[in-house]
Amino acid sequence: MNGPDRPMPPSEDLPEPEPELRDLAVLARILQVALVVAFVLALGGAFVPGRVGDVSEVALLVVLIGAPVLRVAWLTVDWARERDRVFVGLGLVLLAVLAASGLIKFL
Amino acid sequence: MNPVLLALAAFATAAIGALGGLGGAILLVPVLVLAGVEPRIAAPLGLVSVAAGSLAAAPQQLGDRLVNHRLGVATEIVGSSAALAGALVSGIVSQTALSVVLGLVAIAAAIVGGRRKGVRNLPDPALGPDDVGEIPGTLAGVYQLGPDEFVPYRARRVPLGLVGMAGAGLIAGLSGVSGGFIRTPASTEVMHVPIKVAAATTTFTVGITSAVGLLVFAAQGRIVPSDAALVAAAALVGGTVGARLQSRLSPPAVRRGLSVVLVAIGVLLLVKR
Numbered sequence: 001m002n003g004p005d006r007p008m009p010p011s012e013d014l015p016e017p018e019p020e021l022r023d024l025a026v027l028a029r030i031l032q033v034a035l036v037v038a039f040v041l042a043l044g045g046a047f048v049p050g051r052v053g054d055v056s057e058v059a060l061l062v063v064l065i066g067a068p069v070l071r072v073a074w075l076t077v078d079w080a081r082e083r084d085r086v087f088v089g090l091g092l093v094l095l096a097v098l099a100a101s102g103l104i105k106f107l
Numbered sequence: 001m002n003p004v005l006l007a008l009a010a011f012a013t014a015a016i017g018a019l020g021g022l023g024g025a026i027l028l029v030p031v032l033v034l035a036g037v038e039p040r041i042a043a044p045l046g047l048v049s050v051a052a053g054s055l056a057a058a059p060q061q062l063g064d065r066l067v068n069h070r071l072g073v074a075t076e077i078v079g080s081s082a083a084l085a086g087a088l089v090s091g092i093v094s095q096t097a098l099s100v101v102l103g104l105v106a107i108a109a110a111i112v113g114g115r116r117k118g119v120r121n122l123p124d125p126a127l128g129p130d131d132v133g134e135i136p137g138t139l140a141g142v143y144q145l146g147p148d149e150f151v152p153y154r155a156r157r158v159p160l161g162l163v164g165m166a167g168a169g170l171i172a173g174l175s176g177v178s179g180g181f182i183r184t185p186a187s188t189e190v191m192h193v194p195i196k197v198a199a200a201t202t203t204f205t206v207g208i209t210s211a212v213g214l215l216v217f218a219a220q221g222r223i224v225p226s227d228a229a230l231v232a233a234a235a236l237v238g239g240t241v242g243a244r245l246q247s248r249l250s251p252p253a254v255r256r257g258l259s260v261v262l263v264a265i266g267v268l269l270l271v272k273r
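These protein sequences, in sequence, are chains U and A.
Those letters in the first sequence? Residues 1 to 107, by our numbering.
Those letters in the second sequence? Residues 1 to 273, by our numbering.
Simulated from the structure, these hints should not be mistaken for laboratory data.
Yeah, the Cβ is synthetic: ideal placement off N, Cα and C, and Gly gets one too.
Treat the hints with caution; some may be incorrect.
As the list claims (entries may be wrong) - Not the full set, but computed from the structure, chain A residues with beta-carbon under 7 Å of chain U:
1) Ala51
2) Pro59
3) Leu62
4) Gly63
5) Glu76
6) Ile77
7) Ser80
8) Ser81
9) Pro136
10) Gly137
11) Ala140
12) Ala211
13) Ala218
14) Pro225
15) Leu230
16) Ala232
Said to hold, decoys possible - DEER-style ranges, computed between Cβ atoms:
17) Gly50(U) / Asp148(A): 26 to 34 Å
18) Val163(A) / Ala99(U): 35 to 43 Å
19) Val48(U) / Arg120(A): 45 to 53 Å
20) Met1(A) / Ala80(U): 41 to 49 Å
21) Met1(A) / Asp54(U): 17 to 25 Å
For reference, chain U alone in the conformation it holds in the complex:
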């Protein structure tokens, strides 16, 4: 807590966040936007009749399916920047497993 005898330091004196934390903050903001978009699309799909409702329903599914895949891809790129090689490999394996699962179940 910053009382009257402990003024906030000027912003340039604050420590820079770690690269991973900064990237996770960006990812959190992207997912926050996806959440709002999904909610608007869900309301549109549930309550708006006609073509707008139909398009909202399809777009909602795209957001719900795409968000976790985007998250894994984002993390993999983030770990590559940090040279965390083991987890870059694991991220790529997971993306490959997801692609294979989608393809096999489709077929």
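Given the coordinates of chain U, work out where chain A should sit on it, guided by the hints.
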């Protein structure tokens, strides 16, 4: 089904799912079936609620730095592979036998988690707010327990934990639920990951599992779009509420709540078979 009841069921199950890291489909699908919805229609709606709940919880859980993504990705490889295997052999497994096994597993997980007292991972006074998060290159990290309490943790008995994740994935593939109700207890009781980290990490991974399942259901034309939109809207609100509640509750309270819900799931599965 009455739209208001459908929305309420989706809200409640997504909130509980995000709070305890369960996914929520394991609760929503039996409720919908008991309310008269056909199982082949109820299963996709369950996955819609899981995907929406996972997305809704993400901003709060990322902000709290509760999710261990490295643990999630490592375990999800095994879980997704097993889910694929389960889906491929699902036609030859008796759904009644599966319900009995799932019910007994849920009750056993509830007993193991509920009997444990106190907190396994203790705060380290040398740690501060800057330490919170994952430790690169490892399956370890630090999470914030209280205003000035920071707890280090490390996933233990990883091979055994991966067996549990494979079991959860297999069940997910066989039954069409996300398997979160097995993943979270496997993380806490086998791998000794703190309950809040385990629940947040499972909420992340069940989102991945449900995405693949939804893709298939969409291709099969099994998703009723208007119902799915209503379930998603309610689950997005429920997931947000569940994640905020989880952020405020103590770990033992989350664990006790999880045990109660697991018993309910177990009984529901044993009764509905």
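Going through the hints against the structure:
The closest approach between the C-beta of Ala51(A) and any C-beta of chain U is roughly 4 Å, which is under the 7 Å cut-off, so the hint is satisfied. Hint status for Pro59(A): holds, given a least beta-carbon distance of 4 Å to chain U, under 7 Å. For the restraint placing Leu62(A) at the interface with chain U, the shortest Cβ-Cβ distance is roughly 4 Å, inside the 7 Å limit, so the hint holds. Taking 7 Å as the C-beta cut-off, the interface hint given for Gly63(A) holds, the closest approach to chain U being about 6 Å.
Residue-level restraint check for Glu76(A) holds (minimum Cβ-Cβ distance to chain U is 6 Å; threshold 7 Å). At a threshold of 7 Å, the smallest CB-CB gap from Ile77(A) to chain U is about 5 Å, leaving the interface hint in force. Restraint check, Ser80(A) versus chain U: the minimum CB separation of about 5 Å is within 7 Å; hint holds. Because the closest C-beta pair between Ser81(A) and chain U is about 6 Å apart, less than 7 Å, the hint holds.
Among the interface hints, the one on Pro136(A) holds; its C-beta lies about 5 Å from the nearest C-beta in chain U, closer than the 7 Å criterion. Annotation: interface hint on Gly137(A) holds; nearest CB of chain U at approximately 5 Å, less than 7 Å. At its closest, the beta carbon of Ala140(A) sits 13 Å from a beta carbon of chain U; the interface hint therefore is violated under the 7 Å criterion. With 7 Å as the threshold, the beta carbon of Ala211(A) comes within range of chain U, its nearest partner Cβ sitting at about 5 Å, so the hint holds.
A least Cβ separation of about 6 Å between Ala218(A) and chain U falls short of the 7 Å threshold, and the interface hint therefore holds. About 4 Å separates the beta-carbon of Pro225(A) from the nearest beta-carbon of chain U, less than 7 Å, and the hint is met. The restraint placing Leu230(A) at the interface with chain U holds, with a minimum CB-CB distance near 4 Å, inside the 7 Å limit. A distance limit of 7 Å between C-beta atoms decides the matter here; for Ala232(A) the minimum to chain U is near 4 Å, and the interface restraint holds.
The supplied range of 26 to 34 Å is broken by Gly50(U) and Asp148(A), whose beta-carbon atoms lie about 56 Å from each other. Restraint check, Val163(A) to Ala99(U): a C-beta distance of roughly 25 Å breaks the suggested window 35 to 43 Å. Evaluation of the 45 to 53 Å hint for Val48(U) and Arg120(A) yields a pass: the beta carbon distance comes to about 49 Å. Look at Met1(A) against Ala80(U): about 46 Å separates their beta carbons, and that is inside 41 to 49 Å.
Met1(A) and Asp54(U) have their C-beta atoms about 21 Å apart, which keeps the hinted 17 to 25 Å range intact.
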